[in-house]
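J.: Below are the chains, spelled out letter by letter.
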Amino acid sequence: MPDGEPVVDFATDWDHTDPQWVNNPYPIWEDLRERCPVAHTERYGGGWFPTTHDAVSRIANDTDHFTSRLVVVTKNKFPPNSPPAPVGPAPPITSDPPFHQIARRLLLPAFAPGPINALEPQIRALCNKHLDAQRGRDVIDAGSDYAQFIPPGVIAHMLGFPPEDDEKFREFVHLVLDLIDLEPEIRGPMFEPMAEYFTKQIEDHIANPRDDLTSFLLNVEVNGSKLAPEHVRGSMVLILVAGIDTTWSAIGSSIWHLATHPDDLARLVNEPDLMPLAVEEFLRFYAPVTMARLVREDYEFDGCPMKKDDWILLGFPAANRDPEAFDDADTFIIDRAVNRHAAFGLGIHRCVGSNLARLELRVALEEFTKRYQKFELDESSGVTWAPGQVRGPRHVPLRVA
Amino acid sequence: MKVTIDADLCQGQGRCFSIAPNLFGFDELGNGVVIGDGILTEGTLEQARLAQSNCPEHAIFIEEDR
Numbered sequence: 001m002p003d004g005e006p007v008v009d010f011a012t013d014w015d016h017t018d019p020q021w022v023n024n025p026y027p028i029w030e031d032l033r034e035r036c037p038v039a040h041t042e043r044y045g046g047g048w049f050p051t052t053h054d055a056v057s058r059i060a061n062d063t064d065h066f067t068s069r070l071v072v073v074t075k076n077k078f079p080p081n082s083p084p085a086p087v088g089p090a091p092p093i094t095s096d097p098p099f100h101q102i103a104r105r106l107l108l109p110a111f112a113p114g115p116i117n118a119l120e121p122q123i124r125a126l127c128n129k130h131l132d133a134q135r136g137r138d139v140i141d142a143g144s145d146y147a148q149f150i151p152p153g154v155i156a157h158m159l160g161f162p163p164e165d166d167e168k169f170r171e172f173v174h175l176v177l178d179l180i181d182l183e184p185e186i187r188g189p190m191f192e193p194m195a196e197y198f199t200k201q202i203e204d205h206i207a208n209p210r211d212d213l214t215s216f217l218l219n220v221e222v223n224g225s226k227l228a229p230e231h232v233r234g235s236m237v238l239i240l241v242a243g244i245d246t247t248w249s250a251i252g253s254s255i256w257h258l259a260t261h262p263d264d265l266a267r268l269v270n271e272p273d274l275m276p277l278a279v280e281e282f283l284r285f286y287a288p289v290t291m292a293r294l295v296r297e298d299y300e301f302d303g304c305p306m307k308k309d310d311w312i313l314l315g316f317p318a319a320n321r322d323p324e325a326f327d328d329a330d331t332f333i334i335d336r337a338v339n340r341h342a343a344f345g346l347g348i349h350r351c352v353g354s355n356l357a358r359l360e361l362r363v364a365l366e367e368f369t370k371r372y373q374k375f376e377l378d379e380s381s382g383v384t385w386a387p388g389q390v391r392g393p394r395h396v397p398l399r400v401a
Numbered sequence: 402m403k404v405t406i407d408a409d410l411c412q413g414q415g416r417c418f419s420i421a422p423n424l425f426g427f428d429e430l431g432n433g434v435v436i437g438d439g440i441l442t443e444g445t446l447e448q449a450r451l452a453q454s455n456c457p458e459h460a461i462f463i464e465e466d467r
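Protein sequence lines, in the order shown, are assigned to chains A and B.
The numbering of the first sequence is our numbering, which starts it at 1 and goes up by one.
The numbering of the second sequence is our numbering, which starts it at 402 and goes up by one.
Source of the hints: derived by calculation from the structure; they are not laboratory data.
Be careful, since some hints might not be right.
From the derived model, a few chain B residues whose C-beta atoms are all more than 12 Å from chain A [to be verified]:
| # | residue |
| --- | --- |
| 1 | MET402 |
| 2 | GLN414 |
| 3 | ILE420 |
| 4 | GLY439 |
| 5 | GLY444 |
| 6 | LEU446 |
| 7 | PHE462 |
| 8 | GLU464 |
If you want the footprint, here are the derived chain B segments under chain A, 3+ residues with CB under 8 Å [unchecked claim]:
| # | stretch |
| --- | --- |
| 9 | 424-431 |
| 10 | 449-460 |
So, partial list: chain A residues that the calculated Cβ filter (under 8 Å) puts toward chain B [said to hold, decoys possible]:
| # | residue |
| --- | --- |
| 11 | ARG105 |
| 12 | LEU108 |
| 13 | PRO113 |
| 14 | ARG187 |
| 15 | GLY347 |
Quick reminder that beta carbons are idealized off the backbone N, C-alpha and C, glycines included.
Build the full structure now, drawing on both the sequences and the hints.
T.: This is the structure in structure tokens:
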């Protein structure tokens, strides 16, 4: 089927921007898991979608046959001026070994539990600021009035960007992660304002160095040399893009779940000690992030004749619903004790920001459920889900009084 | 009985030190480390098993007494 046409059979023609998939992918994945379990498409220049936990895990851990050079499926596998493997355009997520480890080690200390846990009071204050702004309202949008504001504020602080630019950040994220179906000649020029913005921030940090990740990346030395300018810029783009609508989606999906499952909301309000287990189950059940790989050379995987430069869409959210890997995989169990979920990926590309994401999700849910002990979905306006590789509700209209 | 983390398998998923902070800590990169000698008692074995069964990378090992 040509790009943009509705999908008839996801097994041979999957498209993660198809409205059926965007609105409710879980029955599609269940069907594919039983029938395939690695689905194929000719769209986007050709690609594969493994649906079992086992296949996702094996591919995520196989950096010999699969490269991370590009991790977002678009119609352009060879964007102009994009650094080749093993560096890729946004190190370390787009990097392969051995360079990957160098780029990753630079970022890990800033995202380790110590420095991240120190941000908790600031995140709590940010949540309360946006909850305070809703005072007196009977209907609020937990997506556009709350969830969308939490991660950009924290990431702006870490990168040393003006927090009032958060609307711009969301536009950049929308371009990178949502507008993936556009033709390259239309999409390419849309990156110019984003490139200009990063140039401005880099110039400002060169003129006024300060204690943040941007200055760190500009000044850090590896084996006596500073990082290449495109490495600095690529890592900054990664931190901004990966740090925003991922966690925003997780917060939104979790609140949407509580709004539509009053028993779970009541339990969480009455037993706040359940929060750590609940957070892991929200992450399993509504894992927002799917990442891509490219096939390095022609390779047969589980009987699938994969061709060089075919996309692999690594369905971590599908792996999290695999009944082979989880008891009652399609049931949300708020106090699930054994939960080996793959929401942050598996293997060497485990989400660098996972400690931050967990903290933001936990604090955002704690403050929200302290403020509103009862709420339900306002059925008069709709919930809209973001398309593409980061799935979450953009609008979660709630009746809170 | 003794609990260990295979540093080559650990990717810093962070589950062990959240579930059993008395048994596991983390290094400056955020990877899991066993606190002390990792010797388990009747009281801590259950927690170690819970951490093991939640590690997405299967990086935690419990050496049973023979």
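J.: If a hint holds in the structure, say so; if it does not, say that too.
T.: Hint-by-hint comparison with the structure:
Even its closest Cβ contact with chain A, about 20 Å, leaves MET402 of chain B beyond 12 Å, as expected for a residue assigned away from the interface. For GLN414 of chain B, the shortest C-beta to C-beta distance to chain A comes to about 6 Å, within the 12 Å cut-off, and the non-interface label is violated. For ILE420 of chain B, the requirement that its beta carbon stay farther than 12 Å from each beta carbon of chain A is not met, with the minimum near 8 Å. Its beta-carbon lying about 20 Å from the closest one in chain A, GLY439 of chain B satisfies the requirement of being farther than 12 Å from that chain.
At roughly 18 Å, the least C-beta separation between GLY444 of chain B and chain A is larger than 12 Å, which holds for a residue marked as non-interface. The beta carbon of LEU446 of chain B sits about 15 Å from the closest Cβ of chain A, which is more than 12 Å, so the claim that it is off the interface holds. Against chain A, the non-interface label of PHE462 of chain B holds: every CB pair exceeds 12 Å, the least being about 15 Å. For GLU464 of chain B, the non-interface assignment is confirmed: its Cβ lies about 21 Å from the closest Cβ of chain A, beyond the 12 Å cut-off.
Counting residues of the stretch 424-431 of chain B whose beta carbon lies closer than 8 Å to any beta carbon of chain A gives 5, which meets the minimum of three for the stated coverage. Three residues within the 8 Å Cβ limit are the bar, and the stretch 449-460 of chain B against chain A gives 6, so the coverage statement holds. With a cut of 8 Å, the hint placing ARG105 of chain A at the interface with chain B holds, because the nearest CB-to-CB distance is about 7 Å. For LEU108 of chain A, the interface hint holds, the least distance from its beta-carbon to any beta-carbon of chain B being 4 Å, beneath 8 Å.
For PRO113 of chain A, the interface hint holds, the least distance from its beta-carbon to any beta-carbon of chain B being 5 Å, beneath 8 Å. For ARG187 of chain A, the shortest C-beta to C-beta distance to chain B is roughly 32 Å, which exceeds 8 Å, and the interface hint is violated. Hint on GLY347 of chain A holds. Least Cβ distance to chain B is approximately 6 Å, under the 8 Å limit.
Checked against the numbered hints given earlier, the structure breaks hints 2, 3, 14 and satisfies all the rest.
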